[in-house]
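Trainee: If you read the sequences in order, they're chains E and R.
Note that UniProt numbering numbers the first sequence so that position 172 is 172, with each residue one more than the last.
Note that UniProt numbering numbers the second sequence so that position 222 is 222, with each residue one more than the last.
These are calculated hints, taken from the structure and not from any lab test.
A portion of the hints provided could be inaccurate.
[Claimed, not checked] Listed below are several chain E residues computed to face chain R (Cβ distance under 10 Å; list not exhaustive): (1) Asn53; (2) Pro65; (3) His105; (4) Ala137; (5) Val201.
Beta carbons are placed, not taken as given, at the ideal position from N, Cα and C, and that holds for glycine.
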Amino acid sequence: LSAILVTLIFSLTLPILIHTYLYKRAVAKELPTFLLIGPSGAGKTSLLTLLANGTPSPTHTSQAPQTATCQLPSTTRSSEDKYRSENDTSSRTQPSVLLLDTPGHGKLRHHAIASLTSPTSLKGLLFVVDSAVLSSAAGLTETAEYLYDVLLLLQKRHMQGKTSKGPLAIPVLLVANKQDVFTSLPAGLVKSKLEEELGKVRQTRSKGLLDSGIGMDDGGEADEESNWLGEYGAKGFKFAQMREHGVEVEVVGTSTSAEGEDEGRGRKCWGWIGANV
Amino acid sequence: MLDGFEILTTSGIVLWRRHYTPISSSLIDSLVRDVFIEEKQKPGGGENGAPSYKKDRYTLRWTSAKDVGLVFVAVYQSLLHLSWIESLLTAVKGLFIKAYGQELKAAHTLKVNTAQWDPTFDALVNRLDTGSTRRQSDTIDSEGPTELTPPSSSAGDDADEPPPVPAPLFRKPAIPIKRDDLVGDSTSTDATPIPTPDTSRPATPGHAPSHLLTAKGGPGKASRRSRKAQTFNASAPASSGDESSPGHNLKGGAKTAAKGKRRWDVDGMAIEGDDDGVLDYSAPATPGPDSTERELDVAEVNTSQMGSRTGKGQFVLKDLDDEVDAILASSSKPQQRSNATDDTTGSGLLASASSRLTSLFRNVVGGKTLTKADLQLPLQQMQTHLLSKNVAPEAANRLCQAVETDLLDQKTANYTSIESTIRDSMTKALTRMLTPTSSLDLLREVTSITSGQGAPARPYVISIVGVNGVGKSTNLSKIAFFLLQNHFRVLVVAGDTFRSGAVEQLRVHVRNLSALSQREGVGKVELFEKGYGKDAATVARDAVAFATNKGAQPPGGSGQMLYDVVLIDTAGRRHNDSRLMSSLTKFGQLANPDKVFMVGEALVGTDSVAQARNFAKEFVDTKGKLRNNGVGMDGFIISKCDTVGDMVGTLVSMVHATGIPVVFLGVGQHYGDLRGLNVGWAVDKLMK
Numbered sequence: 001l002s003a004i005l006v007t008l009i010f011s012l013t014l015p016i017l018i019h020t021y022l023y024k025r026a027v028a029k030e031l032p033t034f035l036l037i038g039p040s041g042a043g044k045t046s047l048l049t050l051l052a053n054g055t056p057s058p059t060h061t062s063q064a065p066q067t068a069t070c071q072l073p074s075t076t077r078s079s080e081d082k083y084r085s086e087n088d089t090s091s092r093t094q095p096s097v098l099l100l101d102t103p104g105h106g107k108l109r110h111h112a113i114a115s116l117t118s119p120t121s122l123k124g125l126l127f128v129v130d131s132a133v134l135s136s137a138a139g140l141t142e143t144a145e146y147l148y149d150v151l152l153l154l155q156k157r158h159m160q161g162k163t164s165k166g167p168l169a170i171p172v173l174l175v176a177n178k179q180d181v182f183t184s185l186p187a188g189l190v191k192s193k194l195e196e197e198l199g200k201v202r203q204t205r206s207k208g209l210l211d212s213g214i215g216m217d218d219g220g221e222a223d224e225e226s227n228w229l230g231e232y233g234a235k236g237f238k239f240a241q242m243r244e245h246g247v248e249v250e251v252v253g254t255s256t257s258a259e260g261e262d263e264g265r266g267r268k269c270w271g272w273i274g275a276n277v
Numbered sequence: 001m002l003d004g005f006e007i008l009t010t011s012g013i014v015l016w017r018r019h020y021t022p023i024s025s026s027l028i029d030s031l032v033r034d035v036f037i038e039e040k041q042k043p044g045g046g047e048n049g050a051p052s053y054k055k056d057r058y059t060l061r062w063t064s065a066k067d068v069g070l071v072f073v074a075v076y077q078s079l080l081h082l083s084w085i086e087s088l089l090t091a092v093k094g095l096f097i098k099a100y101g102q103e104l105k106a107a108h109t110l111k112v113n114t115a116q117w118d119p120t121f122d123a124l125v126n127r128l129d130t131g132s133t134r135r136q137s138d139t140i141d142s143e144g145p146t147e148l149t150p151p152s153s154s155a156g157d158d159a160d161e162p163p164p165v166p167a168p169l170f171r172k173p174a175i176p177i178k179r180d181d182l183v184g185d186s187t188s189t190d191a192t193p194i195p196t197p198d199t200s201r202p203a204t205p206g207h208a209p210s211h212l213l214t215a216k217g218g219p220g221k222a223s224r225r226s227r228k229a230q231t232f233n234a235s236a237p238a239s240s241g242d243e244s245s246p247g248h249n250l251k252g253g254a255k256t257a258a259k260g261k262r263r264w265d266v267d268g269m270a271i272e273g274d275d276d277g278v279l280d281y282s283a284p285a286t287p288g289p290d291s292t293e294r295e296l297d298v299a300e301v302n303t304s305q306m307g308s309r310t311g312k313g314q315f316v317l318k319d320l321d322d323e324v325d326a327i328l329a330s331s332s333k334p335q336q337r338s339n340a341t342d343d344t345t346g347s348g349l350l351a352s353a354s355s356r357l358t359s360l361f362r363n364v365v366g367g368k369t370l371t372k373a374d375l376q377l378p379l380q381q382m383q384t385h386l387l388s389k390n391v392a393p394e395a396a397n398r399l400c401q402a403v404e405t406d407l408l409d410q411k412t413a414n415y416t417s418i419e420s421t422i423r424d425s426m427t428k429a430l431t432r433m434l435t436p437t438s439s440l441d442l443l444r445e446v447t448s449i450t451s452g453q454g455a456p457a458r459p460y461v462i463s464i465v466g467v468n469g470v471g472k473s474t475n476l477s478k479i480a481f482f483l484l485q486n487h488f489r490v491l492v493v494a495g496d497t498f499r500s501g502a503v504e505q506l507r508v509h510v511r512n513l514s515a516l517s518q519r520e521g522v523g524k525v526e527l528f529e530k531g532y533g534k535d536a537a538t539v540a541r542d543a544v545a546f547a548t549n550k551g552a553q554p555p556g557g558s559g560q561m562l563y564d565v566v567l568i569d570t571a572g573r574r575h576n577d578s579r580l581m582s583s584l585t586k587f588g589q590l591a592n593p594d595k596v597f598m599v600g601e602a603l604v605g606t607d608s609v610a611q612a613r614n615f616a617k618e619f620v621d622t623k624g625k626l627r628n629n630g631v632g633m634d635g636f637i638i639s640k641c642d643t644v645g646d647m648v649g650t651l652v653s654m655v656h657a658t659g660i661p662v663v664f665l666g667v668g669q670h671y672g673d674l675r676g677l678n679v680g681w682a683v684d685k686l687m688k
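Produce the complete structure using the sequences and hints provided.
Mentor: Here it is in structure tokens:
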């Protein structure tokens, strides 16, 4: 009789133990991911530490990507709270997000490109630019070329996704960082300058040399239209043209090292993240 | 003294920093960029374990911990030579990882609480600091002669920061180590050690006069005496260098040889009977045991000093001493980890068979920790594969070394074998090497010149160089065709004034191109030539002046430039012909091109490395600095790529040799056969 009892207890508790063991170690459901991307020296790692810790840490050039999980601050409204009233007093926990910071150096951009093309639950893209460097021609060109590559990748992703379930549209927040620097351009000017420069880049890329990967082995569809950002054949480029590809671009100006109010520094970024979670 | 110390993660976040003097953040940024990302410096180029990097009068020494992703950087002035930095770096690395390793290994850590670390670091510095020596052999042009500085102003006086411990105690120079540094220092720029002794041996009175004696060089007796003093001086440092007995035995041996040493007194008479003690001014009376005693004395004073601060401080230091000793001792011994793991596997037939089976199993399933022995054979196969793709052995070696350091002691992922792990790592390394830091957009650059704001100063000048027969003229006309299609006005300059038929060849090309462009009504192309036998540099300069041509316009002319782009062809030259190569320098300075492209053919083998290096180092501007941020040229054009099929290894060899990116590929003999480089395509071909 005791043997039956022991066997019964054993056979009942063993699956439960195995279940708890396995599921404790399993990864929780995927957090919504936001990607921090931009040319070298824009302040991406600084912004990451600001959003994650509340105060920015000193940083140097990144060599490797870095992830951080953080919870939306209590003052931010997230998209889940869209239909709640302001005075709703029920307790709710703010959602957490995963921020992914990538190196901006030319040789290490494959990390960023890989994260863009891999099928994770990417909810948004923060493209950080250095507003002070944009006033020089070289800085403007480098930023615009990187932004062009990123937007083209998003456009292609959207177009290729039409056949299957289709990836969700990824909104882009253009963060004009370092607004505290004296020579920085305000956010509106950053937007117009980048639009102008992207138009020029679009022009030269269309007329440029073909890639070595195309046309040598087989015919290859040197499809002009697929490599054209925004509206095909349009004279100038506007971020509104990206809307048809599901890419919504918004511009805010921030500064990670302003001496102003502590909580207000990441406020605009959090607001956008909360709206797109 | 130490100017600063930082601990940062590979993702760029500074976990802890200590700045004794203000250091700009761009210093470490440039270290990361030049050494870790762009790999402009050969890895492992420094002395035993802590490589160094110099910029702006600062020297940076670093060490890294790959498993937790940390980099430890120490910054100090280049004038000083701090020999204790390596041990400091090793000790800091060991202690920091011990203290915070667990926290760092957890995911998503952005910062650690480093409040406990400050006193530990201070204690470590005090313990290891053995003073610094001013590097006299490192001649800085702006400094005056440093030999005549009085002994009191010896090393360390430029550091005005308040150190955490009483300063005078640690200004004590380190005698035993110093001599080795001066003689065997690989980083000092001046190779010849000055025979005058260091200022940090001030105690002996005999030095000052002998010092002055060596400076003079008068005739007669005085000079003979000075010469004798010089030889004594020269031998004295050598004997004090190795404090141990062999040095003294040498002197003693010389004494007892058939020819005894000669001493001369004031009147020029020989003195019999020599006295070693009088002659040897360099070292104290009994250098051997004394120096170690002195060191022990220093240590002893240290601990008692530290102990008297607080009880807590004393406790920390005692632990610290043991730990630091252990870390330093373990780091100086050769690493025998892999041997240790091998030793732990049991002996006997059954044990070896089962270990082989498990390793085979692990190879399939994954999760295997890679050791040097594991990686050796697959890496050799990979190297042979690269060599079969026409990659130079030097480049293949470097890539395999990079993969090995990357993969050593890492675990393989699930269900991946060692070969596939190595393939992945090699693909990443190749991609990183071939990807340029900033991609060249030729059209944008030319457009910004022509349609830029204000009147442009001169046209965009491109020059093509290379060895004989690689396809310079052909690729130049392909570039001209490309620019013509984009409505630019191009001037082709026949800078090859040596080879018969070079000018006629270009004339044929220009005729074809102008016919093509007239048919489509775009652009304008002309040839500028001065015949044969002239100096190519002056031809180039005249051509640029002709194309710029502002003042000679008829009145009513807009004063615009005649041409937008100037393409200069040069004569082919062997890279080992120094006379011809040096004429390239003059060419570069007179023509002052915006872009210099070197053409290399895809068919060439190992010679590509030497070609690339020799050509790159010729392009120096008037101040002696290599143009284009110190690399020399702006890009490579690899021609005849259609003839090699898959074996495009020349790309890798040339980029490895110089760090200059590949901008164009020539894929045929027609005007349209010019392509940009697609890194993914190239890496695919190489790994196929």
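Trainee: Which hints, by number, does the structure contradict?
Mentor: When the structure is compared with the hints, none of them turns out to be violated.
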